[in-house]
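Student: Work out the full structure: start from the sequences and follow the hints.
There are 2 protein chains.
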Amino acid sequence: MQRVLAAQLGEHVGQRVLVQGWLHAVRKLGEVNFLVVRDRSGICQAVTSLDDLKPLDGLQHESVIAVEGEVVAAPKAPGGYELYHNRVQVISPVTTPLPFSLNKNRIRANQPAFLDHAVIGQRHLNQRAILRLASGVMQGFRATLDALDFVEIQTPKLVASATESGANVFAVDYFGQTAYLAQSPQFYKQIMVGVFERVYEVGPVFRAEPHATTRHLNEYVSLDVEIGFIEDHYTVMALLTDVIRGILNHLVTHYSAQLCLLKAKLPDVSERIPDIHIVDAQRLLTEQFGMTDALGAPDLTPEHERLLGNWAKAEYGSDFLFVTGYPLAKRPFYTHPDPERPGYSRGFDLLFRGMELVTGGQRLHRYEDYLAAARAHGLDPAPFASYFEAFAHGMPPHGGFAIGLERFLMQLLDLQNVRQAALFPRDLNRLAP
Amino acid sequence: MQRVLAAQLGEHVGQRVLVQGWLHAVRKLGEVNFLVVRDRSGICQAVTSLDDLKPLDGLQHESVIAVEGEVVAAPKAPGGYELYHNRVQVISPVTTPLPFSLNKNRIRANQPAFLDHAVIGQRHLNQRAILRLASGVMQGFRATLDALDFVEIQTPKLVASATESGANVFAVDYFGQTAYLAQSPQFYKQIMVGVFERVYEVGPVFRAEPHATTRHLNEYVSLDVEIGFIEDHYTVMALLTDVIRGILNHLVTHYSAQLCLLKAKLPDVSERIPDIHIVDAQRLLTEQFGMTDALGAPDLTPEHERLLGNWAKAEYGSDFLFVTGYPLAKRPFYTHPDPERPGYSRGFDLLFRGMELVTGGQRLHRYEDYLAAARAHGLDPAPFASYFEAFAHGMPPHGGFAIGLERFLMQLLDLQNVRQAALFPRDLNRLAP
Numbered sequence: 004m005q006r007v008l009a010a011q012l013g014e015h016v017g018q019r020v021l022v023q024g025w026l027h028a029v030r031k032l033g034e035v036n037f038l039v040v041r042d043r044s045g046i047c048q049a050v051t052s053l054d055d056l057k058p059l060d061g062l063q064h065e066s067v068i069a070v071e072g073e074v075v076a077a078p079k080a081p082g083g084y085e086l087y088h089n090r091v092q093v094i095s096p097v098t099t100p101l102p103f104s105l106n107k108n109r110i111r112a113n114q115p116a117f118l119d120h121a122v123i124g125q126r127h128l129n130q131r132a133i134l135r136l137a138s139g140v141m142q143g144f145r146a147t148l149d150a151l152d153f154v155e156i157q158t159p160k161l162v163a164s165a166t167e168s169g170a171n172v173f174a175v176d177y178f179g180q181t182a183y184l185a186q187s188p189q190f191y192k193q194i195m196v197g198v199f200e201r202v203y204e205v206g207p208v209f210r211a212e213p214h215a216t217t218r219h220l221n222e223y224v225s226l227d228v229e230i231g232f233i234e235d236h237y238t239v240m241a242l243l244t245d246v247i248r249g250i251l252n253h254l255v256t257h258y259s260a261q262l263c264l265l266k267a268k269l270p271d272v273s274e275r276i277p278d279i280h281i282v283d284a285q286r287l288l289t290e291q292f293g294m295t296d297a298l299g300a301p302d303l304t305p306e307h308e309r310l311l312g313n314w315a316k317a318e319y320g321s322d323f324l325f326v327t328g329y330p331l332a333k334r335p336f337y338t339h340p341d342p343e344r345p346g347y348s349r350g351f352d353l354l355f356r357g358m359e360l361v362t363g364g365q366r367l368h369r370y371e372d373y374l375a376a377a378r379a380h381g382l383d384p385a386p387f388a389s390y391f392e393a394f395a396h397g398m399p400p401h402g403g404f405a406i407g408l409e410r411f412l413m414q415l416l417d418l419q420n421v422r423q424a425a426l427f428p429r430d431l432n433r434l435a436p
Numbered sequence: 004m005q006r007v008l009a010a011q012l013g014e015h016v017g018q019r020v021l022v023q024g025w026l027h028a029v030r031k032l033g034e035v036n037f038l039v040v041r042d043r044s045g046i047c048q049a050v051t052s053l054d055d056l057k058p059l060d061g062l063q064h065e066s067v068i069a070v071e072g073e074v075v076a077a078p079k080a081p082g083g084y085e086l087y088h089n090r091v092q093v094i095s096p097v098t099t100p101l102p103f104s105l106n107k108n109r110i111r112a113n114q115p116a117f118l119d120h121a122v123i124g125q126r127h128l129n130q131r132a133i134l135r136l137a138s139g140v141m142q143g144f145r146a147t148l149d150a151l152d153f154v155e156i157q158t159p160k161l162v163a164s165a166t167e168s169g170a171n172v173f174a175v176d177y178f179g180q181t182a183y184l185a186q187s188p189q190f191y192k193q194i195m196v197g198v199f200e201r202v203y204e205v206g207p208v209f210r211a212e213p214h215a216t217t218r219h220l221n222e223y224v225s226l227d228v229e230i231g232f233i234e235d236h237y238t239v240m241a242l243l244t245d246v247i248r249g250i251l252n253h254l255v256t257h258y259s260a261q262l263c264l265l266k267a268k269l270p271d272v273s274e275r276i277p278d279i280h281i282v283d284a285q286r287l288l289t290e291q292f293g294m295t296d297a298l299g300a301p302d303l304t305p306e307h308e309r310l311l312g313n314w315a316k317a318e319y320g321s322d323f324l325f326v327t328g329y330p331l332a333k334r335p336f337y338t339h340p341d342p343e344r345p346g347y348s349r350g351f352d353l354l355f356r357g358m359e360l361v362t363g364g365q366r367l368h369r370y371e372d373y374l375a376a377a378r379a380h381g382l383d384p385a386p387f388a389s390y391f392e393a394f395a396h397g398m399p400p401h402g403g404f405a406i407g408l409e410r411f412l413m414q415l416l417d418l419q420n421v422r423q424a425a426l427f428p429r430d431l432n433r434l435a436p
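Read top to bottom, the protein sequences are chains V and X.
The working numbering puts the last residue of the first sequence at 436; the count rises by one with no breaks.
The working numbering puts the last residue of the second sequence at 436; the count rises by one with no breaks.
No lab work stands behind these hints, which were simulated from the structure alone.
Take the hints with a grain of salt, since some may be wrong.
Only some residues are given here: those of chain X computed to face chain V with a beta carbon under 10 Å [claimed, not checked]:
id	residue
1	Q114
2	F117
3	H120
4	R126
5	D149
6	V198
7	I279
8	V282
9	P400
10	A405
11	L416
12	L418
As the structure is a prediction and not an experimental result, all values here were calculated from the model.
Beta carbons are placed, not taken as given, at the ideal position from N, Cα and C, and that holds for glycine.
Tutor: Below, the structure written as structure tokens:
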């Protein structure tokens with residue numbers, strides 16, 4: 004008999020069908036007993052006699068089973084249908100008890116315990132909804148950019164020299180040489196503007212930052228974009244707005260079940276996301292919010308970002324806010340200066356609900372500017388030789404940005420910790436599973 | 004004036020348009036001169052006076068320029084249209100000569116010289132067609148699997164223990180501990196069958212194999228698939244056949260220009276790709292091709308694979324051939340045995356034009372079998388604890404496969420070296436660019 008999915012029962016009312024999946028729950032009441040099976044589509048319920056359940060004697064939750072039964076409409080049952088007159092068979096018996104229940108509304112384990120057993124914990128319906136949304140974000144990201152004539156690239160993760168600065172890179176023993184894990188595809192995506200003008204990449208990045216926070220991971224998935232022939236950073240910000248809107252529309256269209264299960268409050272993306280120059284943001288923080296540490300500081304603190312997020316919501320009804328023009332001194336050496344404001348850049352951050360979600364900007368595009376910028380930052384140009392070579396042979400004005408996948412989900416779903424949005428997170432103390 | 008692309012000139016005949024791109028070629032004949040501009044869509048030609056070309060005096064190929072001119076139909080010109088009455092402006096001047104020409108039919112440089120300057124060399128029309136096809140293969144792979152209800156995952160590349168065996172892994176200094184770079188997402192994709200039943204991943208894998216061949220890279224892009232609730236390895240082979248067909252159909256539909264430029268001869272995928280058990284293959288090699296080293300050998304040599312490829316073409320008209328049942332001793336410990344043929348497995352390879360392209364098979368799915376297999380292979384189970392945990396809590400019969408992106412392109416396009424299909428290849432001697 005051909006297998007059907009839990010979510011497809013409605014197409015087979017009155018027929019006998021075969022369902023396969025995991026033993027999600029069982030409730031023995033005597034006369035009437037309920038057996039709940041979970042498969043990739045959801046859960047469904049079989050109404051059984053105690054006799055029917057005999058094959059499950061001594062077995063634990065998560066045993067893999069097959070249930071053959073007759074589909075009956077049952078408005079109160081999960082999914083709206085139930086199976087009757089069932090025959091239960093065991094595919095993979097489980098005798099080990101679970102470390103925590105997978106069939107409650109929430110997993111009742113503290114975070115370290117959950118992460119220790121994440122290979123099982125990710126089966127929980129909430130967890131798997133988060134991971135489905137992760138796949139949806141990647142799909143929406145690619146679909147939006149494909150439609151705009153972008154080309155996907157996959158750049159090397161093993162690199163000969165630290166990407167952006169010497170700090171915070173993982174060293175690799177590469178046949179006796181030292182290699183490094185790429186902190187970002189920054190140089191490669193810029194180089195590839197010379198080939199395709201418009202490129203994107205979805206892939207892992209590695210940060211050897213030795214601090215433990217709720218919003219940093221040492222390995223995460225970065226959604227990277229770079230585009231050539233731009234006017235200035237506002238071209239990049241308009242593209243980023245389209246990408247965010249494209250991702251959210253994709254989720255609403257294809258992942259409403261997951262959004263609903265997780266009670267996600269989706270943000271509206273206005274036609275134009277409001278933007279504020281960092282100098283004006285700092286003035287606002289000082290004058291309106293009494294943040295005496297803001298004015299003239301080289302960067303915003305997390306508290307500043309939180310206040311600006313509230314302000315954008317109150318002032319514009321927007322969950323998003325661009326902060327532009329960060330001081331050059333605090334941006335990487337390849338950042339394009341603002342010709343009209345000495346000391347300031349054409350870089351921006353996008354705040355989402357008061358947290359930095361995206362960093363981007365216009366880059367330098369002339370070879371001479373790269374040499375000068377490296378010198379000004381006290382960088383030896385030798386390790387950057389092949390990167391700079393791309394600029395010696397003609398690059399248009401260009402810019403780009405990078406979105407952290409896990410952090411985007413964290414903010415979208417109002418999670419307390421970025422680890423809740425990661426498949427198997429890597430941090431200072433965790434390399435497994 | 005709004006920019007138009009070279010490929011869009013036909014939509015603007017009789018109008019003045021603005022084209023932006025790279026100075027691809029210039030031919031000065033005196034009265035009539037040709038200026039060829041390359042952008043992301045292709046190339047187009049402007050017919051100019053010597054005076055028009057003045058802004059380019061002293062500049063080299065690959066300068067980024069803008070040409071404003073009137074579109075005229077010209078059937079003999081590249082693309083079928085030309086620009087007249089032009090105004091040429093320089094966006095990014097280039098004064099450094101190229102290491103090799105980018106506007107000839109082929110790049111005239113040996114492979115090391117090309118790879119040294121790949122940041123420029125990848126701009127060549129042929130190279131960029133190869134890289135476009137790489138993006139097309141990834142798109143076709145994902146589209147096929149998305150339609151079959153698969154979920155995309157992104158698994159960690161930093162792992163606590165060597166994935167499949169202790170050998171050939173790169174070690175990473177991880178905050179004082181030793182971590183390793185994942186040789187494959189094998190364990191994670193199996194674990195995720197417990198969550199989604201059907202998963203795929205597109206991402207980098209790392210192999211510290213210290214040999215230099217034309218078909219191995221130390222970092223490459225792997226297209227990984229795993230599926231649960233299978234019958235046996237033939238379910239997996241049928242899926243792989245669908246995936247290969249899906250990828251090729253996607254290329255034909257969306258990348259015919261690139262396939263044409265590269266003179267690719269696309270293979271036909273028959274409804275069912277022929278398959279042969281390794282014992283029968285070895286008998287054939289011995290009896291029909293005089294390969295006395297084949298019979299009873301634990302594996303096929305590249306020469307065996309080449310001969311079997313020829314045989315499949317002659318016998319079935321197929322560019323593809325499955326070889327099934329490889330001896331258990333030569334397959335990883337998680338490989339499912341063939342219950343009907345002791346010592347042989349439910350593993351397979353897919354040969355494409357006589358070269359191994361894909362390895363796959365059914366995996367073990369019972370916890371006890373994993374413990375026994377690890378013991379039989381002399382493996383300490385401790386580093387595999389969280390992998391094995393997934394099996395202790397219920398896994399269905401499952402299997403999967405992995406396609407090497409660069410090798411697929413190499414075989415599809417009849418390239419002599421896998422490095423020609425890689426963006427910035429990594430090998431024993433090369434970590435840059």
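Student: Against each hint, give a clear statement of whether it holds in the structure.
Tutor: Consistency of the hints with the structure:
1. Q114: violated, 16 Å
2. F117: F117(X) check fails; min Cβ-Cβ to chain V is 13 Å, beyond 10 Å.
3. H120: holds, 7 Å
4. R126: Result: holds, 5 Å to nearest chain V Cβ.
5. D149: This interface hint holds because 7 Å falls under the 10 Å limit.
6. V198: At about 5 Å, which falls below the 10 Å cut-off, the nearest Cβ of chain V leaves the hint on V198(X) intact, so it holds.
7. I279: violated, 29 Å
8. V282: violated, 30 Å
9. P400: With a closest approach of 7 Å, the P400(X) hint holds.
10. A405: violated, 15 Å
11. L416: violated, 17 Å
12. L418: Since the shortest Cβ distance to chain V is 17 Å, the answer is violated.
Consistency note: the structure conflicts with the earlier hints numbered 1, 2, 7, 8, 10, 11 and 12.
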